[in-house]
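**Student:** Please model the entire structure based on the sequences and the hints provided.
Protein sequence lines, in the order shown, are assigned to chains A and B. Take any residue in the first sequence, note its place counting from 1, add 1, and you have its number in our numbering. Take any residue in the second sequence, note its place counting from 1, add 342, and you have its number in our numbering.
Possibly wrong hints are sitting among the right ones.
One side of the interface only, derived from the structure: several residues of chain B facing chain A at Cβ under 10 angstroms [stated by the list, open to error]:
#1 Val470
#2 Ser474
#3 Ile481
#4 Phe482
#5 Gly483
#6 Pro500
#7 Ser501
#8 Val508
Quick caveat, the hints were computed from the structure, so don't treat them as lab data. The structure presented is a predicted model; accordingly, all values stated were derived computationally and were not measured. From the three backbone atoms N, C-alpha and C, an ideal C-beta is built for every residue, glycine too.
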Amino acid sequence: MFPGLGVFDGIAEVESSRPILALSVRSEKQRLTLLPIEPVR
Amino acid sequence: MNHPVSLRRFRWWPFVGVAVLLATVIAADGRSRRVQYFPMIAINGGAVTAFLLHNPGKRAIRVHLRLWAPSGAELVADQVSLGPRETRRVEYPGDTGKATGGWAQLTSDRPFLATELILAGPSPWIGVSAASPLRRFKIFGMVARADGLQTGLALTNPSPSKSADVRVVLYDMAGKEVRRMTLELPPLANTSG
Numbered sequence: 002m003f004p005g006l007g008v009f010d011g012i013a014e015v016e017s018s019r020p021i022l023a024l025s026v027r028s029e030k031q032r033l034t035l036l037p038i039e040p041v042r
Numbered sequence: 343m344n345h346p347v348s349l350r351r352f353r354w355w356p357f358v359g360v361a362v363l364l365a366t367v368i369a370a371d372g373r374s375r376r377v378q379y380f381p382m383i384a385i386n387g388g389a390v391t392a393f394l395l396h397n398p399g400k401r402a403i404r405v406h407l408r409l410w411a412p413s414g415a416e417l418v419a420d421q422v423s424l425g426p427r428e429t430r431r432v433e434y435p436g437d438t439g440k441a442t443g444g445w446a447q448l449t450s451d452r453p454f455l456a457t458e459l460i461l462a463g464p465s466p467w468i469g470v471s472a473a474s475p476l477r478r479f480k481i482f483g484m485v486a487r488a489d490g491l492q493t494g495l496a497l498t499n500p501s502p503s504k505s506a507d508v509r510v511v512l513y514d515m516a517g518k519e520v521r522r523m524t525l526e527l528p529p530l531a532n533t534s535g
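**Tutor:** This is the structure in structure tokens:
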């Protein structure tokens, strides 16, 4: 995963110089949950 | 009134199954496209990546599937032919080595529908929707703190030739900035490894 992100509660704002793909991944005792992204308009 | 086929004998349940499957595919993506990106895969070491593919058109199509490792190295290059209105499921379990993440790109010369399922670790099959490349967006962190819980971002640069400079700013629940990070994503690289 993204280095250093670790555990956090809240929201991550991402900006990229080029279009990229993204997905939020939650791992709890190796069980995964995926969260979609919200485009900023 | 006499019917040539008794309604009681009409076996409707297979059609309900097909309808549910198609509804799942359409709900997962919503529209057909010629290029579809999936920001996460799991393969090798017992992990499996599966795709459900549907050709909504009246002519046969061929879908090219490419699965990439986090480093940008190609893991799988495959192609699947679909007849008119045909739906197929394909699975990529990989080998018995160490499980790895990555991402996938599916292309065809005609529009198609696709959704992804991954099987990794003790989790049941997890659905992954196709993602659109974006330059600015927000992602929720999981709103629960507990032992053994981690939240991460699977970021992918789908460009085959140009790096992406990425800035991530984390805000807490009250909107206060708590951390700021930068990352250079090389061509075809992904952070889910």
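**Student:** Hint by hint, say whether it matches the structure.
**Tutor:** We went through each hint and held it up to the structure:
1. The beta carbon of Val470/B comes within 6 angstroms of a beta carbon in chain A, closer than 10 angstroms, and the hint placing it at the interface holds.
2. Proximity of Ser474/B to chain A holds as hinted, the smallest CB-CB distance being about 8 angstroms (cut-off 10 angstroms).
3. Taking 10 angstroms as the C-beta cut-off, the interface hint given for Ile481/B holds, the closest approach to chain A being about 4 angstroms.
4. Residue-level restraint check for Phe482/B holds (minimum Cβ-Cβ distance to chain A is 5 angstroms; threshold 10 angstroms).
5. Below 10 angstroms, beta-carbon pairs count as interface contacts, and Gly483/B has one with chain A at about 4 angstroms; its hint therefore holds.
6. Interface restraint check for Pro500/B: the shortest CB-CB distance to chain A comes to about 6 angstroms, inside 10 angstroms, so the restraint holds.
7. At its closest, the beta carbon of Ser501/B sits 6 angstroms from a beta carbon of chain A; the interface hint therefore holds under the 10 angstroms criterion.
8. With 10 angstroms as the threshold, the beta carbon of Val508/B comes within range of chain A, its nearest partner Cβ sitting at about 5 angstroms, so the hint holds.
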